[in-house]
Amino acid sequence: MYNGGYINTSDSLSPVMHSPDGNALYYRKFINLISSESNEVCSREDKRTIAPEHVLKALEVLGFGEYIEDVYSAYEQHKVETIVIVYVLLLLVSCHQTFGIVNAGQN
3 MYNGGYINTS DSLSPVMHSP DGNALYYRKF INLISSESNE VCSREDKRTI APEHVLKALE
63 VLGFGEYIED VYSAYEQHKV ETIVIVYVLL LLVSCHQTFG IVNAGQN
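Its first residue numbered 3, the sequence shown is counted upward by one per residue in my numbering.
Hint data in this document are derived by calculation from the structure and do not stem from the laboratory. Wrong hints could be hidden among the right ones.
Taking lysine-lysine pairs in the DSBU-like style, the calculated list, with each CA pair at most 30 Å apart, reads [unchecked claim]:
#1 Lys49 with Lys59
#2 Lys81 with Lys31
#3 Lys81 with Lys49
Pair by pair, the computed Cβ-Cβ distance ranges are [stated by the list, open to error]:
#4 Asn34 with Thr100: 29 to 39 Å
#5 Arg46 with Phe101: 48 to 58 Å
#6 Leu93 with Arg50: 25 to 35 Å
#7 Tyr28 with Val86: 30 to 40 Å
#8 Arg46 with Cys97: 41 to 51 Å
#9 Gln99 with Glu62: 44 to 54 Å
Note that the Cβ used here is the ideal one computed from N, Cα and C, for glycine as well.
All chains, full assembly: derive it from the sequences and hints.
In structure tokens, the structure reads:
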């Protein structure tokens with residue numbers, strides 16, 4: 003368990019078990035750093051919920067500007083995939099209501 007940069011020895015899961023290269027602790031520190039700065043950016047804007055824009059600003063503030071383009075691209079892809087999933091679910095619900103389709107196995 004992450005604890006201010008140290009591994010809690012009472013935790014039965016070591017970082018090696020969480021990442022093939024054994025760098026899970028560093029990944030956790032990085033995520034914690036970005037999360038903390040994103041929260042600060044959010045707070046400075048008097049917002050209560052961290053938005054993607056806050057994360058992008060945090061990357062810039064912390065000197066990780068070279069990641070912004072890739073992170074934004076991944077965010078845009080996520081939005082597209084989410085829209086597709088919602089569309090498919092709405093389509094399934096519509097088919098169910100229109101044609102009376104029931105779950106497989108029901109009589």
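* Any of the earlier hints contradicted here, and which numbers? -> 4
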